[in-house]
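A.B. asks: Starting from the given sequences, assemble the full structure and let the hints guide the process.
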Amino acid sequence: DAMVIQNPRYQVTQFGKPVTLSCSQTLNHNVMYWYQQKSSQAPKLLFHYYDKDFNNEADTPDNFQSRRPNTSFCFLDIRSPGLGDAAMYLCATSRWEGNQPQHFGDGTRLSIL
Amino acid sequence: SQELEQSPQSLIVQEGKNLTINCTSSKTLYGLYWYKQKYGEGLIFLMMLQKGGEEKSHEKITAKLDEKKQQSSLHITASQPSHAGIYLCGADPQGGSEKLVFGKGTKLTVNP
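First to last, the protein sequences are chains C and X.
In this text, residue positions in the first sequence follow my numbering: the first is 1, and each later residue adds one.
In this text, residue positions in the second sequence follow my numbering: the first is 1, and each later residue adds one.
Derived by calculation from the structure, the hints in this document are not laboratory data.
Just so it is clear, the structure is predicted and the values come from calculations on it, not from any experiment.
Any given hint might turn out to be false.
Below, simulated DSS-like cross-link-like pairs (lysine-lysine); rule was C-alpha separation at most 27 Å, straight line [as the list claims (entries may be wrong)]:
1) 38(C) to 104(X)
2) 68(X) to 51(X)
3) 36(X) to 44(C)
4) 104(X) to 44(C)
5) 44(C) to 99(X)
6) 36(X) to 38(C)
7) 44(C) to 38(X)
8) 99(X) to 38(C)
9) 44(C) to 107(X)
C.D. replies: What follows is the structure in structure tokens.
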């Protein structure tokens with residue numbers, strides 16, 4: 001089935017140690033998103049790509065970076081994770097035609113030791 | 001910026017009961033999306049509403065967007081344990097934007 005796949009499902013890293021989360025899609029959607037969701041909170045958009053055009057949210061910390069080497073893959077890099085970065089990270093995709101639903105992966109739960 | 005407020009924050013019902021979840025916006029809703037999230041998992045798309053007064057149904061779930069396009073409701077008829085989860089509403093903040101703003105969600109528990 002066509003879908004959005006996130007790896008790994010669970011990631012544990014040490015305080016300050018760089019970590020990369022990955023997302024792949026078989027939907028051939030041109031927009032890919034990264035969200036951060038903390039417990040009992042709404043998903044918060046970090047950034048998104050329209051094809052290779054990167055769009056950063058104004059309040060996304062510089063510690064968070066992203067790469068999209070091709071249509072299918074998108075990566076979230078956290079350069080120096082702090083305790084406050086422990087959260088669920090959700091990847092989503094959509095078509096860019098206005099009013100299109102976003103399709104989400106199962107998320108990666110990041111823990112910081 | 002647009003904010004979405006969901007009510008109630010949590011809901012516990014007995015299997016077979018009907019229930020309603022509300023999503024209220026501080027601004028006009030150009031596109032309103034309902035998602036379901038199981039604990040520790042991603043969001044599953046349920047329905048999208050665009051026009052004032054629009055109503056859509058899928059199995060036992062019905063979503064409506066009011067005429068003024070500032071409030072949406074999600075109604076579940078004859079709830080089942082499989083309906084349990086967190087229901088989130090999301091909205092296009094600008095109209096034609098590819099971005100969504102989400103509410104904090106309503107946690108639904110259905111007791112057998």
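A.B. asks: Give a verdict on every hint.
C.D. replies: Okay, the hints, checked on the actual structure:
no.: 1; hint: 38(C) to 104(X); verdict: 10 Å, holds
no.: 2; hint: 68(X) to 51(X); verdict: 9 Å, holds
no.: 3; hint: 36(X) to 44(C); verdict: 16 Å, holds
no.: 4; hint: 104(X) to 44(C); verdict: 10 Å, holds
no.: 5; hint: 44(C) to 99(X); verdict: 11 Å, holds
no.: 6; hint: 36(X) to 38(C); verdict: 16 Å, holds
no.: 7; hint: 44(C) to 38(X); verdict: 17 Å, holds
no.: 8; hint: 99(X) to 38(C); verdict: 19 Å, holds
no.: 9; hint: 44(C) to 107(X); verdict: 18 Å, holds
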